[in-house]
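Chain by chain, the residues run as shown.
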Amino acid sequence: MAVISVRDLTKKFGKFTALNKVNLELEKGDIYGFIGPNGAGKTTTIRILLGILKASGGKATVFGQDVWKDAVSIHKNLAYVPGDVKLWPNLTGGELIDLFIKLRGSNNKTRRDELIERFQLDPTKKCRTYSKGNRQKVALIAAFASDADLYILDEPTSGLDPLMEQIFQELILEARDQGKTILLSSHILHEVEKLCNKVSIIREGQIIEAGDLKKLRHLTRTRMEVETKRQLEGFDRVKGVHDLYIKDKTVYFQVDSEEINNVIKFISPFEILRLESAPPTLEDLFMRHYRGEAGDL
Amino acid sequence: MFREFSNTRALSLFILRRDRVRLVVWILSISIFVIAIAAILPDLYTTFEERQVMAEAMENPAVTVMLGPGYGLDNYTDGAMMAHFMLVFSAIGMGIMNIMLVVRYTREDEEEGRTEMIRSLPTGSLSYLTASFSLLCLVNVLTSLLVGLGLSSLAYESMDLIGSLLYGAAMGAIGIFFAALTSLFAQLTSNARATIGYSFSFLIAAYIVRGIGDVGYELLSLISPLGLVLRTQVYVNNYCWPVFIILASSVLIFALSLYLNSIRDLGAGFIQTRPGRARASRLLLSPLGLAFRLQKNSIIAWTLGMLILGVSYGSILGDLEGFINSSELIRQMIPEIAGKGMTESFITMLMTILSILGTIPVLLFILRLKGEEKKGRTEQILAAAVSRKSLLASFAAIGLMAIPLIQLMSVLGLWSSAAFVMEDPLSFSTIIKLGLVHLPAMLFMAALAVVLIGFLPGLTGLVWLYLGYSFFVVYMGEMLKLPNWLEKLSPFGHIPQLPLEGADIARLSIMAGLAIALIVAGFIGYRQRDIQG
Ligand SMILES: Nc1ncnc2c1ncn2[C@@H]1O[C@H](COP(=O)(O)OP(=O)(O)O)[C@@H](O)[C@H]1O
Ligand SMILES: [Mg+2]
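First to last, the protein sequences are chains A and B. At position 88 of the first sequence the residue is numbered 88 (the working numbering), and the sequence of numbers has no breaks. Position in the second sequence (from 1) plus 1000 gives the number in the working numbering.
Don't take every hint at face value.
Stated by the list, open to error - One-sided excerpt, in silico: chain A residues whose CB lies under 7 Å from chain B:
id, residue
1, Ile52
2, Lys54
3, Lys86
Said to hold, decoys possible - Result set (DSSO-like, lysine-lysine): computed pairs, CA atoms no more than 30 Å apart in a straight line:
id, chain 1, residue 1, chain 2, residue 2
4, A, Lys15, B, Lys1374
5, A, Lys126, B, Lys1389
6, A, Lys15, B, Lys1481
7, A, Lys54, B, Lys1370
8, B, Lys1374, A, Lys69
9, A, Lys86, B, Lys1374
10, A, Lys54, B, Lys1481
11, A, Lys194, A, Lys21
12, A, Lys69, B, Lys1488
13, A, Lys86, B, Lys1370
Hint data in this document are derived by calculation from the structure and do not stem from the laboratory. For glycine and all other residues, C-beta sits at the position ideal for the given N, C-alpha and C.
Isolated chain B (complex conformation) (with noise of 0.2 Å):
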């Protein structure tokens, strides 16, 4: 019996010795994420009657689907608040967590031939799969003091010391539970590509059916681990029992993946891979083709996302006057303009969210052809008759034809949601426009991405850290007091007030008039320079 665990400890050791930096960071950011929400919430909301007013506005079905029950409405706490707001994304992290590091040291590992290397020195056949999973344990009991002693540091009066530490045992017994579902994907399938497909599935469909649960059949919310976990109601009732309910089908999971871990031969799984096709679909077959292929389920994942994203930002706009007095701080945020009333100055200030957020599947779109000659696989589509030229192409229109698609779904999303919720609905060409003015602004940092590929492909980078300050001056710049001309440094920044001012036509024209021309540039400098595989 023993014999199959022998130098687990071993293996702990080595996997902490190997990923040491990398499960730090991840313990960190998860925590000190948490703890700076916690510690920013009751600067949001700093008298009771602020945090009744938005405990009104947080009784709204829409709102517990995306978050969960609200406890505790009716005096509702910074640490009501807290648990309210963040416990169902907190389990979300650690979940996600868990499953890119079990995926990392399961399948990964096997496909890489890294686990039969360590099968041929005498360990036991089930030791690496118990050595990943304790040392996951360990992880995630650390990151639950952590939290819960962070939490409880913050010395709030509404977050005592046993609450705390039941928010982090919370999330402790969710990591714990992703890890040992993933340890059964990653026997059941065979390659790691499915084992993080289905771990996410799981996570998705159990966000999924707790949200339907906590608005309909409670029975639902109880069979899923996230609508369980909320259970804990904590700081309103601290109950331990969904903690132990987790934990116990952790350990039930985890035994059944060391039973199939053991009949199983190395390299293989229970699920058959189902064969792809012999031959190419004709659509397969040209760089757009393949450009498109290659990013499929992406854009269609994003699509949705954007969507789903649009209706979660529209559904606050129902109590939207509640939701803005409930605060000074979000009145602090939206920039003031004479005369006119917040509802509209706050809405042109979601689009602009919703369209920054939207820029990032636009600009990974582009920038795959990057990741492909990092990959070397550039070199072969380029060795074919196929000129680079049309490859970029290939690539760009694939993310300049996003722009407007992506656009499209959020303003959408954002319209129809509004329309369920608010009294006086906004009028859907109202928001049509304030999503084309947007355009010019995405359309540039595609165009910033294409240049980039063009002249220093090493230096992509540099438009992720571009779009992260456009977000960060769009939100955070009326409420900083920035002075105006740093948000001026971002095409965000040019974005008209829409329903308060008239569109600037002949700004856009020239945002979209540099646009192009950095697209040209890009181009020419694709032709010119050294392909690197």
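So that you can see chain A by itself, here it is in the shape it has in the complex (with noise of 0.2 Å):
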């Protein structure tokens, strides 16, 4: 049974339709990336999965039930992270960890204190003093302290330093091996592509992208640059060869994945004195989107 599973979800704030008939499914023990420019509609999907805006149209589900009817239920089982966190600023980090420990219905003290420990944060602090990376850090303490089955982070780490992301990504990554499930949301590609096996790209309300990371590898270009012996000509004909530039001997292409093999093959004769090929990342991938060139994919 999948753990979330989002049928048609469409949403419409008055006439402005955010959501447009979003699809999404998770099985257990998925990291699933949810990737997309702000104002996609990543939070407001979010939102509807926790229960919290009612959907217009379409049907979610998370843990088989229902996510605006059953809310409470499949709550306690369910941590989240906001992209924003807003905390109260008379209270200190410490009493709102276990605010929201408590609420969540769980009770771990030891793994709260070895997070607090891990992530550095003073609980004795009131959150007025908090800047927005402590801020994340209480929310994600919370959430990793909490013994759920899903997490639902929506842009966790766009206020953490780089040894706090480190430390997020091992609890990730630990959170996996446990067999759990996770949704995260970013724009921040690489901290997608490097946990995630699944993603589903979003703009403007709706899905242009879904599936495997292999997969949606599969379909991206290789970045490629090569230093050849004697000057290449007639390389701009190649089939397959994109965004070509040349310098001197060496050029600066990208290459549809299926076509490197006539690439090489085409470049050889010229004797390659240097190759460097990055592989696909999904900025290219998402830099073609924007571009709208989407539908030649």
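Combine the two chains into a complex, taking the hints into account.
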């Protein structure tokens, strides 16, 4: 049974359609990347999954239960970290961590203290004095100290420094090893790439790409940089080569994954001195969607 | 030396530009308020005899504690009366204005990182503090002039130009004093909230010390700025020295805050904030616990506040007949009920007004939930295993439980001081019954707040309007001879005049029943709508 199942989810704010027939499917153990630029509809989707917003159409279930009607029972096994963590200025971080853990119905003191230690948070400070990163730590500690089966994290690392981000990634991997399911929204692509096994890309309220990260990579282009002994000629006419840029005897280009073999064959006669290739990144894929090239994928 | 102050003028202009509307609103509302009171006073007490009756009623220690010593009581002119009634409150108003504004330009800007931006520009390290203080001095001087000229333009014989300018100057001096004092606390503490806390505590302490001083040790009144300012004896003797003392001490205090500003780091303070609890107490760990904890201080403050308000309302009951007879206008304000004395009727009206004021905290406690939503903090509670029903119930419960508590405080206050000053005191059971008959109306207002949160969270302001309307029709209805049905539009217009009429149980039950229905509806609405954050 799917942990999260979203079918044709639609959300309208007045006349504005924030989500248009969104589909998502998370299996147990998935680390699912939910990627999109600002305003794409990630937070709106997550809020519907949390039963905070009511869907205008479609169906969404978590653990097989309806996200709106069965919110309380779902939330007992769910931990959420919002994108912009808002805390009460006159309570301390420690108090709020305890409160959130308790409201979720779990109680694990040692895990809590261990996480506070790991994130190096001073729990005796009032939240008023916390920076964005520290507020995020409070929410992350409360989430990972809870005994949840599903973690929903909305751009959780946007305020963390690289060291803390490292710890965050370790926590995600630990959770994965325990068979937990994680929905991770982000516009930071390398973070998603490193951690996730599946992704969905959302833009203007519509999912434009979804599936296995490996499968998606297959659709993308490899970036290459080749220096040859003799000047390359007629390269711009080779099938599958894009964004060609030639500087002296070095060429920079992107190549469709399925055409790599032919392209290398074409270059070989010019005697390769140096060849560098970068794996396809989601950035590239993303950029192509931005340019409206989605159709020719 | 001057490097520390470079670009001060530009920064003053910048603050002025940024807050011009806010500043104008403050200046106008305070001066118009003071001038308007002065304008209606002579209509309240038209003849010399009426004023002298009032002067006798004012010669009461409870009044002195509240307003300060009355000067010129043997010839209680409009001017003497105005200064007696209003000077201390005018001064407090100035204090509040300056505290709020100075915190805004000091600690708040520092907390939000705006001061850092300014300091990264070629400005001196003391420029921003000096700029905000100079601008506030200007604001205070403008208010003084406006009040002074406004009061004298009323052209009352007893309120001449000199006296009126002194009234304004007294207000301005207190304003500057609190601007300097708040600047000082902004250096000592390390956040805006603490600065506000210390500054207001000082203001309240100054008021209390003055109160004690005015009925006992005169010296105490002289060390309180609020006591000192009354020693100007405006419109009676017109002494200027208190204004100079207040201004001189303001300069010293501001110099000290400049010094402290120059030796501290940006963002730091001198009073260490105590570390809080590393773990939550069990009491916090539920939605109700959270709702209570967030509003604990406010609950305590309102509870005490209503007690004090009850006491001060009770204190005028002492010479009630005299007070009522002192003014034609006050007689008009009280509904006349055939064959009965005005005292009873007056007490009912007092209790209704206390109940309306007591509804303010009740609404605040309930509407806090909407504030939480607006600040984006309910989302996290609802994302935990907390149902909307229990979240709304927690905040509503605090408000609903506050109703009897607040009412009990008003009743206790009213009764205890009435018992102290009246020759023929009211029985406790009479007053408590009077308090009880107001509960359904308060419940009704609370229910409106719940239903608005449930269906129209954007329009919760309506309930405040409605409460304001209720206050207006109850307070002014009789005097303005408004048609009776206008009063019946407010739940507070349906309160039986208890000592006179019997308690109309049926009508009260209907009101309570309606309130409960509204609350239930509110819960249904809250369960069905989008939460904004
Ligand atoms: N309560 C609301 N009312 C109206 N529009 C909204 C509301 N919440 C979000 N939106 C709009 O819906 C779109 C999606 O927002 P959001 O889900 O927050 O995007 P993301 O999280 O991907 O950055 C945005 O255009 C936003 O302006
Ligand atoms: Mg978002």
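How the hints compare with the structure:
1. Ile52: holds (5 Å)
2. Lys54: Lys54 of chain A check passes; min Cβ-Cβ to chain B is 6 Å, inside 7 Å.
3. Lys86: Interface hint status for Lys86 of chain A: holds (4 Å vs cutoff 7 Å).
4. A:Lys15 x B:Lys1374: Within the cut-off at roughly 22 Å; holds.
5. A:Lys126 x B:Lys1389: It holds: about 29 Å lies between the C-alpha atoms, which stays within 30 Å.
6. A:Lys15 x B:Lys1481: violated (49 Å)
7. A:Lys54 x B:Lys1370: Satisfied, since the Cα-Cα distance of roughly 18 Å is no more than 30 Å.
8. B:Lys1374 x A:Lys69: holds (24 Å)
9. A:Lys86 x B:Lys1374: At roughly 11 Å apart (the allowed maximum being 30 Å), Lys1374 of chain B and Lys86 of chain A satisfy the hint.
10. A:Lys54 x B:Lys1481: violated (50 Å)
11. A:Lys194 x A:Lys21: holds (28 Å)
12. A:Lys69 x B:Lys1488: violated (42 Å)
13. A:Lys86 x B:Lys1370: holds (15 Å)
Hints 6, 10 and 12 from the earlier list are contradicted by this structure; the remaining hints agree with it.
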